[in-house]
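Full structure from sequences and hints, please.
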Amino acid sequence: MIANETTIEVTPAQLAHLGEGTVAYLREMGSEELMGKFPGLPEIEPGTKLWALFAANGQPILLSDERDRAIAGALENDLTPVAIH
Numbered sequence: 003m004i005a006n007e008t009t010i011e012v013t014p015a016q017l018a019h020l021g022e023g024t025v026a027y028l029r030e031m032g033s034e035e036l037m038g039k040f041p042g043l044p045e046i047e048p049g050t051k052l053w054a055l056f057a058a059n060g061q062p063i064l065l066s067d068e069r070d071r072a073i074a075g076a077l078e079n080d081l082t083p084v085a086i087h
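If you count the sequence shown from 1, you need to add 2 to reach this note's numbering.
In case anyone wonders, no lab produced these hints; they're calculated from the structure.
None of the values given here were measured: they were computed from a predicted structure.
Just so you know, even glycine gets a beta-carbon here, dropped at the ideal spot from N, CA and C.
Treat the hints loosely; a few may be bogus.
Just the calculated beta-carbon pair ranges, DEER-fashion [claimed, not checked]:
| # | residue 1 | residue 2 | range |
| --- | --- | --- | --- |
| 1 | E7 | R71 | 36 to 46 Å |
| 2 | N79 | A5 | 32 to 42 Å |
| 3 | I86 | L43 | 14 to 24 Å |
| 4 | K39 | A15 | 48 to 58 Å |
| 5 | T8 | K51 | 37 to 47 Å |
This is the structure we're talking about:
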């Protein structure tokens, strides 16, 4: 059997838009990590864990104290939630 390899080159600009409008990334984060990612976020008690939902381009979408609510937020916006660790 002969294997055919096809290589597709993706530019940095194309890579930046990959998954845009279709994928959202779900991640549990500590309050310390959230301050720089969610502009205008009010002060949260240190050590608090929340679920953050980000667009494919890294733009913050929402925060929740429950994973299921964050997933529901993605689905309500027609986004496929993907968990990252």
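Structure-based check of each hint:
{"no.": "1", "hint": "E7 to R71: 36 to 46 Å", "verdict": "43 Å, holds"}
{"no.": "2", "hint": "N79 to A5: 32 to 42 Å", "verdict": "40 Å, holds"}
{"no.": "3", "hint": "I86 to L43: 14 to 24 Å", "verdict": "20 Å, holds"}
{"no.": "4", "hint": "K39 to A15: 48 to 58 Å", "verdict": "23 Å, violated"}
{"no.": "5", "hint": "T8 to K51: 37 to 47 Å", "verdict": "43 Å, holds"}
Checked against the numbered hints given earlier, the structure breaks only hint 4 and satisfies all the rest.
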